[in-house]
Amino acid sequence: MVSAKRIYADFKVFSVGYLRNKFGLFFGLIFPVVLILIFGAIFAGGGGEAVNVYVQNQDTGAFGQNIGDNFLTALNQSTTINVITVNTSENFAEFLASNSASDGILIPPNFSTDYIAGNQINITVYGNPASSTSGIVSGTVNGYANYFNLQRFNGTTVIGVTSATVNTQQTNYVDFLIPGLIGFSILTSPMFSLVNISSEYKKNKLFKQLSLTPLTKMEWLISKVIFYILLSIAGFLLMVGVGIFVFDAHITLSLWLIPFLVLGPVLFASLGMLVGIVTKNPETAGVIGNIVTFPMMFLAGTFFPISSMPTYLQTVAHVLPLFYVTEGLNNVMVYNNISAAMFDIAVLGIITLVIFVFAVKLFKWRED
Amino acid sequence: MLSIEVSGLKKYYGNLKAVDGIDFTVKKGEVFGLLGPNGAGKTTTIEIMEGLRERDSGDVKILGFDPWKNGYELHKKIGVIPQNFTFFEKTTPREAINYYADLFHVKADADAILREVLLEDMAKHNFESLSGGQKQKTGLALSLVNQPELLFLDEPTTGLDPNARRAIWEVIRGLKAKGKTIILTTHYLDEAQQLSDRVAIMDHGHIVAIGTTQEIIQQHGSGERLEIHGSQQLADYIKENTELQVEYDPAIGIITVALKKKIDALAALAAAEQSGLEWGNIQTRQDSLDDVFIKLAREPLDEQEKTTSETQTGKKRRL
Chain F
1 MVSAKRIYAD
11 FKVFSVGYLR
21 NKFGLFFGLI
31 FPVVLILIFG
41 AIFAGGGGEA
51 VNVYVQNQDT
61 GAFGQNIGDN
71 FLTALNQSTT
81 INVITVNTSE
91 NFAEFLASNS
101 ASDGILIPPN
111 FSTDYIAGNQ
121 INITVYGNPA
131 SSTSGIVSGT
141 VNGYANYFNL
151 QRFNGTTVIG
161 VTSATVNTQQ
171 TNYVDFLIPG
181 LIGFSILTSP
191 MFSLVNISSE
201 YKKNKLFKQL
211 SLTPLTKMEW
221 LISKVIFYIL
231 LSIAGFLLMV
241 GVGIFVFDAH
251 ITLSLWLIPF
261 LVLGPVLFAS
271 LGMLVGIVTK
281 NPETAGVIGN
291 IVTFPMMFLA
301 GTFFPISSMP
311 TYLQTVAHVL
321 PLFYVTEGLN
331 NVMVYNNISA
341 AMFDIAVLGI
351 ITLVIFVFAV
361 KLFKWRED
Chain D
1001 MLSIEVSGLK
1011 KYYGNLKAVD
1021 GIDFTVKKGE
1031 VFGLLGPNGA
1041 GKTTTIEIME
1051 GLRERDSGDV
1061 KILGFDPWKN
1071 GYELHKKIGV
1081 IPQNFTFFEK
1091 TTPREAINYY
1101 ADLFHVKADA
1111 DAILREVLLE
1121 DMAKHNFESL
1131 SGGQKQKTGL
1141 ALSLVNQPEL
1151 LFLDEPTTGL
1161 DPNARRAIWE
1171 VIRGLKAKGK
1181 TIILTTHYLD
1191 EAQQLSDRVA
1201 IMDHGHIVAI
1211 GTTQEIIQQH
1221 GSGERLEIHG
1231 SQQLADYIKE
1241 NTELQVEYDP
1251 AIGIITVALK
1261 KKIDALAALA
1271 AAEQSGLEWG
1281 NIQTRQDSLD
1291 DVFIKLAREP
1301 LDEQEKTTSE
1311 TQTGKKRRL
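Those sequence lines, one after another, are chains F and D.
This note's numbering puts the first residue of the first sequence at 1, with every later residue one more than the last.
This note's numbering puts the first residue of the second sequence at 1001, with every later residue one more than the last.
Hints were generated in silico from the structure; no laboratory data involved.
Some clues are possibly wrong.
Claimed, not checked - Simulated pairs of lysine-lysine, DSS-like, Cα-Cα distance not exceeding 25 Å:
(1) F/K202 x D/K1090
(2) F/K364 x F/K202
(3) F/K217 x D/K1069
(4) F/K202 x F/K217
(5) D/K1017 x F/K364
(6) D/K1090 x F/K22
Said to hold, decoys possible - Here are a few chain F residues that sit away from chain D, every Cβ distance over 12 Å (derived from the structure):
(7) T80
(8) S89
(9) F95
(10) N119
(11) G135
(12) S163
(13) A234
(14) K280
(15) G286
Glycine included, every Cβ here is placed at the ideal spot set by N, Cα and C.
Based on the provided sequences and hints, a complete structural model is requested.
Written out as structure tokens, the structure is:
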């Protein structure tokens, strides 16, 4: 019964209308990016191009030379790494974790001795698999290790690089902010738009009018949902682009993001429609829409990490559908924790299905 | 051949009897006007016929279909302009026509349809920037996309200026000439008189009169009368010196003489002349559809209708 041709016709008319509405376009695409720019600028600090890396040089030198120091000086002259020295009295791994650092370089004791003697010696590069800077750091260190090897007679390899994982919890605010604001745009665009459209269409009888054509309510809703999925993906790409290129955000992109970019808009478009059709008029719909949307906007981990909130608010967050979008996006993009993300997808899938079915059931083209 | 058959149709909203047992039929190719004050049940009736509302009881057959049960099939064969037609704000009339054509899976010549409803100039303007009349014309254009045999026009000219109304009338006349069956609800009685082959006047959910406008006026009107501007004295003189039925309204200074035959006017005027008293303008008039409408519709009309009725009653035939 569902006709792709009619869905496409409705989609075409709706998207052309949407693109002509500069206001909607601004709030759908530009506004979340502006938020990232504002919040990112406030919290991320200056953020130069070079990656700040903690290093600990345990090398004590040999024959009046400290090859470890030479190596670090060379690294520091690279444009990619900015070396910050950590005192040898610190436990380096613990230091990195407590400073929420995602990268670190450890030069072992006897580095100079072994280098000069031609014994195999390894530099340890600490990194976070979820962090985009870790690749830069290990790449740079590898490059300089090769350079130092070539400096030796015949270029025999003595310096090797081993990697270790940093036990950091969170990289920085921008990394967290990007999934949060992607969640924000997945919530607000379809939600506000569908609250408004469905209550207005009901008021001025556009639904009745459409019911006089072969378009079905299911086709109408599917066309809106497809539109908001595409809008969310466009918003996602813009935000990720800004995050990576402007703030050097450490985020992972993976196919596991797709379920959130699809289910999110379906859920909030349906929820928006539900609010629009169960309320009496557009004014009430607007108020109810805000009552539903605003707590989610602030409590579901969009602007602030859930963990920074009091326990009772964390409990509240768990009943907000948006929580499973932002948490899932964080699990994929920041923590790289796919099993946790799968749980979020499952919960989100169930909530979406329930809301979608309710919206379709309660949505009446005609009156009785 | 009948396009519409309605019998014993009822629709109640709680205690409100919106439609309370009405019967009528509409022939193929006929323009049928549905008149009545606000709340008379016109829109409920028309929406039941369109398959937008479910009836409580009665039989309704539209082009042979039960509109509620077979609405989806019926909608492919009818065209509708709902009351206060509106559309997507950022869509142009041309895009709207192509959209409907896609939905109905028909090939539509958007330019031809826009020409037919006299809207070619505004083909590329967003709906929100159109005037009231142009918006209604867009509605008309959309109702034609699927080449319907039956059209429902629910107050197609309400709120439009006289020029825009007449432009819509032209379009409706054009459709009638093409043999379309048209159901028209309107507040404007001149509109019904101008366009309809037959009308039904509804009030409180009932049909209180049905037929051609002439038939309704004959059945429910009070016949022709002569009006003379003059004094109470003159009215008394005419009354005493003729066998005519004479009434006087001191508020407006008009003597009204009921005319059983046209020649009665001559007798009344002869008496007036003989009296030697002064008399002013004279005119004959007959109940218009408005007078009948006001007589039949029990509730006071809303402001808009009052204005219309006043303009209507101002149209008097000069002797």
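Against the structure, the hints:
Restraint check for F/K202 and D/K1090: satisfied, since their Cα atoms lie roughly 18 Å apart, inside the 25 Å limit. Of the pairs offered as hints, the one joining F/K364 and F/K202 holds, with about 9 Å between alpha carbons and a cut-off of 25 Å not exceeded. Simply put, F/K217 and D/K1069 have alpha-carbon atoms about 17 Å apart, close enough for the 25 Å limit, and the pair holds. Pair hint F/K202 plus F/K217 holds up; C-alpha atoms about 13 Å apart against a cutoff of 25 Å.
For the hint linking D/K1017 to F/K364, the alpha-carbon distance of about 23 Å falls within 25 Å, and the restraint holds. Among the hinted pairs, D/K1090 with F/K22 is consistent with the structure: their alpha-carbon atoms are about 11 Å apart, no more than 25 Å. With a least beta-carbon separation of about 48 Å from chain D, F/T80 lies farther than 12 Å from that chain, consistent with its non-interface assignment. No Cβ of chain D comes within 12 Å of the Cβ of F/S89; the nearest lies about 67 Å off, and the non-interface call holds.
Against the 12 Å criterion, F/F95 stays outside the reach of chain D, whose nearest CB is about 58 Å from its own CB. At roughly 74 Å, the least C-beta separation between F/N119 and chain D is larger than 12 Å, which holds for a residue marked as non-interface. Listed as a non-interface residue, F/G135 keeps its Cβ farther than 12 Å from every Cβ of chain D; the least gap is roughly 45 Å. No beta-carbon of chain D is positioned within 12 Å of the beta-carbon of F/S163; the least distance is around 55 Å.
Even its closest Cβ contact with chain D, about 19 Å, leaves F/A234 beyond 12 Å, as expected for a residue assigned away from the interface. The Cβ of F/K280 lies farther than 12 Å from every Cβ of chain D, with a closest approach of about 16 Å, so its non-interface assignment holds. Here F/G286 stays apart from chain D, with its beta-carbon at least about 17 Å from theirs, past the 12 Å limit.
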